[in-house]
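Asks: For the record, the sequence lines run as chains X and Y.
Counting from 1, position 61 in the first sequence corresponds to residue 61 in full-length UniProt numbering; the numbering is continuous, with no gaps.
Counting from 1, position 154 in the second sequence corresponds to residue 154 in full-length UniProt numbering; the numbering is continuous, with no gaps.
Simulated from the structure, these hints should not be mistaken for lab results.
Some clues are possibly wrong.
To give a feel for the contact side, a few chain Y residues facing chain X, derived at Cβ under 8 Å [to be verified]: (1) Phe130; (2) Leu132; (3) Glu158; (4) Leu260; (5) Asp262; (6) Thr335; (7) Tyr338; (8) Met365; (9) Ile371.
This one's a predicted model, so the numbers in the text were calculated from it and none came from an experiment.
For glycine and all other residues, C-beta sits at the position ideal for the given N, C-alpha and C.
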Amino acid sequence: MVDEVTRKTLSNIPLLKIKAGPRDKELWVERLKEEYQTLIKYVSANKAADNDWFRLESNKEGTKWFGKCWVIHELLKYEFDVEFDIAVTYPMTAPEIALPGLDGKTAKMYRGGKICLSDHFKPLWARNVPKFGIGHAMALGLGPWLAVEIPDLIAKGVISYKEKVAE
Amino acid sequence: MSAQKNVVVREKIDKMSSEVVDTNPYSRLMALKRMGIVDNYENIRNYTVAVVGVGGVGSVTAEMLTRCGIGRLILFDYDKVELANMNRLFFQPHQSGLSKVEAAAETLKHINPDVDIMTYNMNITTVDNFELFTKILTTSNLSNGPVDLVLSCVDNFEARFAINSACNEFNLSWFESGVSENAVSGHIQFIIPGETACFACAPPLIVASNIDEKTLKRDGVCAASLPTTMGIIAGFLVQNTLKHLLQFGQVTNYLGYSALTDFFPTMSLKPNPSCDDNQCRLRQKEYAAKPKPEVAVEAKEEDQPFHEDNEWGISLVDESVEVKDNKINVAEGVTLAYTVPKQESVEECEEATSSNKEISLDELMAQMKQI
Ligand SMILES: [Zn+2]
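One chain only, chain X, in its complex shape (with noise of 0.2 Å):
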């Protein structure tokens, strides 16, 4: 369900254009460049609005994502190592965005960590096909999920807050 203020995160990301997967070879070059520009716009709108919660980088490949999250939950910062792969069908199929530190912690993920999305993510992507980017995923699938789950898990004493050793 697109809600006003999943409307209104949309509002920040940019769509994409490209149809290109990772076996595309130059034509994922250049939907590799719409992905990093979608991303850079769609943080540092984050951050502009005080609502930063991650950072993600890739392999040069743009295969490998890999990078950090964040809940913020009555004044403690719970940081997650967030991972995913870019699918040979992506963009057609949206990437499975992964917490594997949580793994096994909740049943709302699958195996590896992979979060269990809601049933209207993946109709909502589908009909956004190729639109929808990594951070559209991050926005509609993650962010969400990360807002529902994380503190009925620091509720259940599944996780709890931990003291940054050094900054």
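We have chain X; now place chain Y with the ligand onto it with these hints.
Replies: Leaving out everything else, chain Y with the ligand in the frame of chain X:
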């Protein structure tokens, strides 16, 4: 290993015999020939089937094919056996921690050493592995040619899509299979590239489970599973595999199963002329150019072309707009999971930056790191 009583090891058998003696593991299968059900049962030894995904459906599928004496079985999976899998058939608790393909091969070789089993512990959807996957599919039959059939027993959309593009590209016939996440419905679909609808021709189909969506609770879990539903789907899958390979009976193009009502919709699906997969469109052209056999095929009323003029097309980015109960019915009890708009949908968001020729990927990667 503790010593076991009565350890019987089934020896390899050179030639399938129809002799009815209690030491012949093939006698009841070869009886199909005597009864006139199948003309050529022993031909099963010439065939190679790839099973992608060795979970609740795939493992049972592999066991059935092994017991039937298939020539070669190629197994793909990248998962390990876990205790959480024990509500399903086939794997046993002592196999926990082993890779599914390795554990399966061990059991299957024991059941029938005549079957040549090849295993690949890998995720087929990554760029590197996909190349290898297609190479294996196209060169691994008993005379190093393409496999005779691919069976998709995977549990996710991405892997299905990957199998679909491999099979479209290399013109391989395959069966898609699936069990719903609420465990009470499932389906199999036979896909002959260019001839029947491929997995990308339309949004996924859903067999009505007769559960009110509003009462379906998904809190706290991704998916449920039942050994019964998975066993039934595996049975349908292998039954149709046998019919296809050994040419008896009719192979069903799409067969659904609704557990709560014991309802089994069937239908035929034609390919979508504007399918997103260009290899599918290419196969369709090839198929159209091929001379068809003169035999009049019994007209099937349920034939459902996925029209390019998408009459159910809803062209909005927002899906909340059309949350309504009249889903697109493809056949009685079967609906499309969702609808996809025509190419030009409403673009209510900002366009991606115009031209990006002048900036390099490296610069963008560096910029991203500096935020
Ligand atoms: Zn198609």
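Asks: All the hints need checking, so say for each whether the structure fits it.
Replies: Results of checking the hints against the structure:
For Phe130/Y, the interface hint holds, the least distance from its beta-carbon to any beta-carbon of chain X being 4 Å, beneath 8 Å. Interface restraint check: Leu132/Y against chain X, minimum CB-CB distance 12 Å, threshold 8 Å, status violated. About 5 Å separates the beta-carbon of Glu158/Y from the nearest beta-carbon of chain X, less than 8 Å, and the hint is met. At about 19 Å, the closest approach between the beta carbon of Leu260/Y and any beta carbon in chain X exceeds 8 Å, and the interface hint on this residue is violated.
Hint status for Asp262/Y: violated, given a least beta-carbon distance of 25 Å to chain X, over 8 Å. Among the interface hints, the one on Thr335/Y is violated; its C-beta lies about 12 Å from the nearest C-beta in chain X, farther than the 8 Å criterion. Interface restraint check for Tyr338/Y: the shortest CB-CB distance to chain X comes to about 3 Å, inside 8 Å, so the restraint holds. Evaluation of the Met365/Y hint against chain X yields a held restraint, the C-beta minimum of about 6 Å falling below 8 Å.
The interface hint given for Ile371/Y is met, as the beta carbon of that residue sits about 5 Å from the closest beta carbon of chain X, less than 8 Å.
The structure fails to meet hints 2, 4, 5 and 6 from the earlier list, while all remaining hints are met.
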